[in-house]
Amino acid sequence: MSTPGVPPEQSAEELFEEAPCGYLTTTPDGTILRVNRTFERWLGVRRGDVVGRRRFVDLLAPGSRIYHETHYAPLLRLQGEASEIALDFKRENGPPLPVLVNSIAVGEGEGAAIRTTVFDASERRRYERELLAARREEHEIARRLQESMLTGVLPEAPGLAIAATYRPAVRGLQVGGDWYDAFWLGEGHLGLVVGDVVGRGIEAAATMGQLRSATRALASTGLRPAALLEALDAFADRHRVGVMATLVFADLDLTDRTLSFACAGHPPPVLARGDDPPEFLWGGRSMPINAQGGGHRERTEADCDLRVGGLFLLYTDGLVEHRGSDLDEGMQKLLGAVGRRRDEVPGTLTERLVRDLEVEEHRDDVCTLVLALGRSG
Amino acid sequence: MLFAHGFGCDQSMWRGVWPRFAARHRIVLFDHVGAGGSDLSAYDVERYSELQGYAEDVLEICRELELSDVVFVGHSVAAMIGVLAAAKDPELFGALVLVSPSARYIDDGGYVGGFSREDIDSLLESMDGNYLGWSAQMAPAIMGNAERPELGEELTNSFCRTDPEIARHFARVTFLSDNRADLPEVSTPSLVLQCREDAIAPESVGRFVADRLPDARLVILDAVGHCPNLSAPEETGTAIAEFLSG
Numbered sequence: 001m002s003t004p005g006v007p008p009e010q011s012a013e014e015l016f017e018e019a020p021c022g023y024l025t026t027t028p029d030g031t032i033l034r035v036n037r038t039f040e041r042w043l044g045v046r047r048g049d050v051v052g053r054r055r056f057v058d059l060l061a062p063g064s065r066i067y068h069e070t071h072y073a074p075l076l077r078l079q080g081e082a083s084e085i086a087l088d089f090k091r092e093n094g095p096p097l098p099v100l101v102n103s104i105a106v107g108e109g110e111g112a113a114i115r116t117t118v119f120d121a122s123e124r125r126r127y128e129r130e131l132l133a134a135r136r137e138e139h140e141i142a143r144r145l146q147e148s149m150l151t152g153v154l155p156e157a158p159g160l161a162i163a164a165t166y167r168p169a170v171r172g173l174q175v176g177g178d179w180y181d182a183f184w185l186g187e188g189h190l191g192l193v194v195g196d197v198v199g200r201g202i203e204a205a206a207t208m209g210q211l212r213s214a215t216r217a218l219a220s221t222g223l224r225p226a227a228l229l230e231a232l233d234a235f236a237d238r239h240r241v242g243v244m245a246t247l248v249f250a251d252l253d254l255t256d257r258t259l260s261f262a263c264a265g266h267p268p269p270v271l272a273r274g275d276d277p278p279e280f281l282w283g284g285r286s287m288p289i290n291a292q293g294g295g296h297r298e299r300t301e302a303d304c305d306l307r308v309g310g311l312f313l314l315y316t317d318g319l320v321e322h323r324g325s326d327l328d329e330g331m332q333k334l335l336g337a338v339g340r341r342r343d344e345v346p347g348t349l350t351e352r353l354v355r356d357l358e359v360e361e362h363r364d365d366v367c368t369l370v371l372a373l374g375r376s377g
Numbered sequence: 378m379l380f381a382h383g384f385g386c387d388q389s390m391w392r393g394v395w396p397r398f399a400a401r402h403r404i405v406l407f408d409h410v411g412a413g414g415s416d417l418s419a420y421d422v423e424r425y426s427e428l429q430g431y432a433e434d435v436l437e438i439c440r441e442l443e444l445s446d447v448v449f450v451g452h453s454v455a456a457m458i459g460v461l462a463a464a465k466d467p468e469l470f471g472a473l474v475l476v477s478p479s480a481r482y483i484d485d486g487g488y489v490g491g492f493s494r495e496d497i498d499s500l501l502e503s504m505d506g507n508y509l510g511w512s513a514q515m516a517p518a519i520m521g522n523a524e525r526p527e528l529g530e531e532l533t534n535s536f537c538r539t540d541p542e543i544a545r546h547f548a549r550v551t552f553l554s555d556n557r558a559d560l561p562e563v564s565t566p567s568l569v570l571q572c573r574e575d576a577i578a579p580e581s582v583g584r585f586v587a588d589r590l591p592d593a594r595l596v597i598l599d600a601v602g603h604c605p606n607l608s609a610p611e612e613t614g615t616a617i618a619e620f621l622s623g
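Protein chains in written order, with our numbering: chain U, 1 to 377; chain Z, 378 to 623.
Just to be clear, a hint being listed does not mean it is correct.
Short derived list, chain U residues pointing at chain Z, Cβ under 7 angstroms [claimed, not checked]:
1. Thr25
2. Thr27
3. Asp29
4. Leu33
5. Pro62
6. Gly63
7. Ser64
8. Arg65
9. Ile66
10. Tyr67
11. Pro74
12. Arg77
13. Glu92
Far from chain Z by the CB rule (all over 12 angstroms, computed), these chain U residues [as the list claims (entries may be wrong)]:
14. Glu9
15. Gly48
16. Gly52
17. Leu76
18. Glu140
19. Ala163
20. Gly188
Just so you know, these hints were derived from the structure itself, not from any lab.
All figures in this text were calculated on a predicted structure; none of them were measured in a lab.
Where is the CB? At the ideal position from N, CA and C, for every residue including glycine.
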């Protein structure tokens, strides 16, 4: 097909036919007008069988056919070109050929056409698949890591009911670093913790694991809440973990039902007692863990009397922070929901709070921990 | 008239169709939650695990805007969303226009939907392949359309804001749906617009939809492809206008 007397490298015909990419032109509705030899070879088709007889979309594997009709063709119509679209061509003999295509609409009226170049993307597609699989695997590992740290047995005792929920972000995003914990401190003392570390993914899950273990270990030495936070600051500072993590640590003395707690930059606990409306506990507040780098930070704690029938709730900000509405609104909603549900069994209460606050629509992780006195189970 | 877009696009798909109806109808355009300019934080995997969730949205729009005698125009999967909405609350709707509808994409016994389960899985794979590129690569190319900036705007909304996870989920819900049993429940007068050659919803599928709807007229368009609202807006608009006046 080369022009007599013209060297191949100067023949437009030759450059078209033997280009190192597939080349085809179609009418605006996709009917094939012309293909080059590279295209014929790659797909195992002959031009006589496709020109004027087949449409571009007919040559695609089924999945790509749908993609073509729902994305690629509309895109071409709307902007006159489309580039780097990944498609699969059917092949006469063999598996589908993964390609990247660029298309441009040219001419108008009767002369209107679409020019498309086709690049073999077999290797690239394999690589992309591996990347995608790796990303999904990482997400899965982080999720399992976090879940494995949040599935221990909660303390049990007559007249005491504790329940917790952990709800990972609804979709797509990597897991966060929320955690809850409840453990015996000996002699009728119970430790309760809910915390949240900065960041997402495996790193956040690992940081959470460290802070959670450190909190447990420090609590077992008999430190009071404010002193525990100070020790946690020192730990975080020394080991350079958990900067700006927030948490609440509470120590419940079951003999007289008093609760001491300290809150490091974390949303305030909720208390519901007797017939009083539920309230936030704004005492014992100080900065997040290891905020503003090292140095000594003043930690404070507060006490309250839980009384029989009392309910104490810890949670992470995902429960009250709703994209598009303000925090106050979310917090008022939480008080309302606790008020309505305070007599329910903690196990269902935590689930229903999450539902009442429409956490289903959240993109953030949510952790809740509820303790009820004077009730079991 | 309420225009609902299908999978893969947003309301800009109707730009060549709706203007001719604006003189005689109140025009309502919207993006499904998860598509186009919608609030992605309103996306709820549970709610949108069935087309019914999208149909509830349509009913909510109608009630919120206090619409009555609604002409619902739905393309592709939105046609079935309209079928579900009209079956649930027939009082709201005056007419249904179903553009390139399919009640079931996957072959089933004697029913020919056009695709196998494996085909749908390969679609989900090709979406994975494409969204890797969409996010970073496409945005500047689209934004840079200097001669026709309005197109850039439309496409940025339509494609670049689409969250890959949502798109995958919508694809799964769409192409695994089976709404054949819902068709006889629709009492609203309906128009089925079927393209001559449609790689997604072949003519037999359009005929099936029109046959099962109790009060439907089938019009075969000369347009080819799955999106006559975009490739042949004149012809599409004329067919709708004739149906509404007749």
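Going down the list of hints, with the structure as the test:
1. For U:Thr25, the suggested interface contact is broken, since its CB lies about 17 angstroms from the closest CB of chain Z, more than 7 angstroms.
2. For U:Thr27, the interface hint is violated, since its Cβ never comes within 7 angstroms of a Cβ in chain Z; the closest pair sits about 10 angstroms apart.
3. The interface hint given for U:Asp29 holds, since its Cβ lies 5 angstroms from the closest Cβ of chain Z, which is under the 7 angstroms cut-off.
4. Here the hint on U:Leu33 is broken, as its CB sits about 15 angstroms from the closest CB of chain Z, past 7 angstroms.
5. A hinted interface residue such as U:Pro62 counts as satisfied when its beta carbon comes closer than 7 angstroms to some beta carbon of chain Z; here the least separation is about 3 angstroms, so the hint holds.
6. The beta carbon of U:Gly63 is positioned within 7 angstroms of a beta carbon in chain Z (closest approach about 3 angstroms), and the interface hint is therefore held.
7. For U:Ser64, the interface hint holds, the least distance from its beta-carbon to any beta-carbon of chain Z being 5 angstroms, beneath 7 angstroms.
8. Because the closest C-beta pair between U:Arg65 and chain Z is about 5 angstroms apart, less than 7 angstroms, the hint holds.
9. The interface hint given for U:Ile66 is met, as the beta carbon of that residue sits about 5 angstroms from the closest beta carbon of chain Z, less than 7 angstroms.
10. Contact between U:Tyr67 and chain Z, as hinted, is supported at the beta carbon level, the nearest pair being about 5 angstroms apart and thus within 7 angstroms.
11. Because the closest C-beta pair between U:Pro74 and chain Z is about 5 angstroms apart, less than 7 angstroms, the hint holds.
12. Checking U:Arg77 against chain Z by beta carbon gives a least distance of about 5 angstroms; that is within 7 angstroms, so the hint holds.
13. Proximity of U:Glu92 to chain Z is violated relative to the hint, the smallest CB-CB distance being about 18 angstroms (cut-off 7 angstroms).
14. Distance check on U:Glu9: its Cβ is at least 31 angstroms (rounded) from any Cβ of chain Z, clearing the 12 angstroms threshold; non-interface status holds.
15. Separation of U:Gly48 from chain Z is adequate, the least Cβ-Cβ distance of about 21 angstroms exceeding the 12 angstroms criterion.
16. For U:Gly52, the requirement that its beta carbon stay farther than 12 angstroms from each beta carbon of chain Z is met, with the minimum near 14 angstroms.
17. Non-interface call for U:Leu76 relative to chain Z: violated, since the shortest CB-CB distance, roughly 10 angstroms, does not exceed 12 angstroms.
18. The claim that U:Glu140 lies off the interface holds: its Cβ sits roughly 14 angstroms from the closest Cβ of chain Z, which is beyond the 12 angstroms cut-off.
19. Separation of U:Ala163 from chain Z is adequate, the least Cβ-Cβ distance of about 22 angstroms exceeding the 12 angstroms criterion.
20. Against chain Z, the non-interface label of U:Gly188 holds: every CB pair exceeds 12 angstroms, the least being about 42 angstroms.
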